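Trainee: The residues making up each chain are set out below.
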Amino acid sequence: MWLTSKIKQVLLVLKPGVVTLKYPFEPRPVPKNFRGAPHWDHHKCVGCGACSDHCSARTILVRDLCQELRVMLYDASRCTYCGKCADICPEKAITMTERFELATDNREDLTERLELFMLTCKRCGRCYDMENTNLIERLDMKGYRYDNLEQRAFIRKTTEQFDEKMLKKSDEYKRPTKVEA
Amino acid sequence: MLSNIAKKFFPRSLWVYHCNSGSCNGCDIEILNVLTPYYDVERFGIKLVASPRHADVMLLSGGVTRPTLHLVRKAYDAMPAPKLVFGIGSCATGGGSWFDTYNVSGGAEKAVKVNYFIPGCPPRPEAIIYGVALALGLVDKKASPMEMKQVEFPIDMYQMNKAWEDRNVIYQLLND
Chain A
1 MWLTSKIKQV LLVLKPGVVT LKYPFEPRPV PKNFRGAPHW DHHKCVGCGA
51 CSDHCSARTI LVRDLCQELR VMLYDASRCT YCGKCADICP EKAITMTERF
101 ELATDNREDL TERLELFMLT CKRCGRCYDM ENTNLIERLD MKGYRYDNLE
151 QRAFIRKTTE QFDEKMLKKS DEYKRPTKVE A
Chain B
1 MLSNIAKKFF PRSLWVYHCN SGSCNGCDIE ILNVLTPYYD VERFGIKLVA
51 SPRHADVMLL SGGVTRPTLH LVRKAYDAMP APKLVFGIGS CATGGGSWFD
101 TYNVSGGAEK AVKVNYFIPG CPPRPEAIIY GVALALGLVD KKASPMEMKQ
151 VEFPIDMYQM NKAWEDRNVI YQLLND
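Chains as they are written, first to last, in my numbering: chain A, 1 to 181; chain B, 1 to 176.
Because the hints were derived from the structure by calculation, they are not lab data. Take these hints with a grain of salt, some might be off.
Unchecked claim - Cut-off 27 Å, straight-line C-alpha distance, at most; resulting in silico cross-link-like pairs (DSS-like, lysine-lysine): (1) K47(B) <-> K113(B); (2) K47(B) <-> K22(A); (3) K84(A) <-> K74(B); (4) K141(B) <-> K83(B); (5) K6(A) <-> K142(B); (6) K92(A) <-> K113(B); (7) K142(B) <-> K113(B); (8) K47(B) <-> K74(B); (9) K92(A) <-> K44(A); (10) K113(B) <-> K32(A); (11) K141(B) <-> K22(A); (12) K44(A) <-> K113(B); (13) K44(A) <-> K32(A); (14) K6(A) <-> K44(A); (15) K47(B) <-> K44(A); (16) K141(B) <-> K32(A); (17) K149(B) <-> K122(A); (18) K142(B) <-> K92(A); (19) K84(A) <-> K149(B); (20) K74(B) <-> K22(A); (21) K92(A) <-> K32(A).
The model shown is predicted, which means the values in this text are computed figures rather than measured ones.
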């Protein structure tokens, strides 16, 4: 009988009731250990660049504007929210927040830009510098310190983003030297 | 402005066409998740259609790979005129981890004009619903660019310092 089967269906459906979430009108909490958008605490950050070295999507860019001023640019457009940066941060300056409502019509809305004040070493007069020891990367890359903030990418010698002027500029860039006493 | 256009042209329902352009299927599963009774986007009138000719909205997932580039453009051209494109996932938004590799064009923006980006790897079903609700004008935009500074630092401080050192005689004496 089709009618009894329909009644059965209705009774079956009545048991769980309405399960649909009223999401955009009611907030929905995230599950435990959810990794949302990372957030930088600029008071804690020391500018070591470990997050940019370990970022798998290479979306954290570091650029020194002058000796004391370092810009760290996080461009969330290609971030995979893996949480490596938060794990590696020695000062625990990066936290994975519970923010997931990131939909936007402009990709610039997703950026976070930090301007850090770097202290100089009293002995050598330089800022904290991290050498790129990987030989293969040293062949290919011009160092993470000369990231191209305009194109949102590394300056690699092997891609079409490679800009000779920028390379020349970064080659000719000299740190201001202090006079030895 | 876009939300006004959306309100004007799609007062009742959005018919979406799901276009996979070399995605890892993570975002596609989340899109299917959105259509289940639990999240039920049909209450907004959103319906999945099989052909781009019936669609108002293209849900584009995956960083557009080289073999699919012209196919994505073809599907975009086949859609009737008031159309929106949603880039879903990190790959469609900015190219993902493969943004500069030889076989990926680096994001959906390189292929077609994308109106809304929904980042996430994969985005939660709620995030996709939020993006669609943003296009419909039901919710407000929450993302905004952040700029943080430790100190206000004048960029020409080095030149000033250099000029001061040049003026000062003792540095010259020390040089000698």
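Trainee: Looking back at the hints listed earlier, which ones does the structure fail to meet?
Mentor: 3, 5, 6, 10, 12, 14, 15, 20
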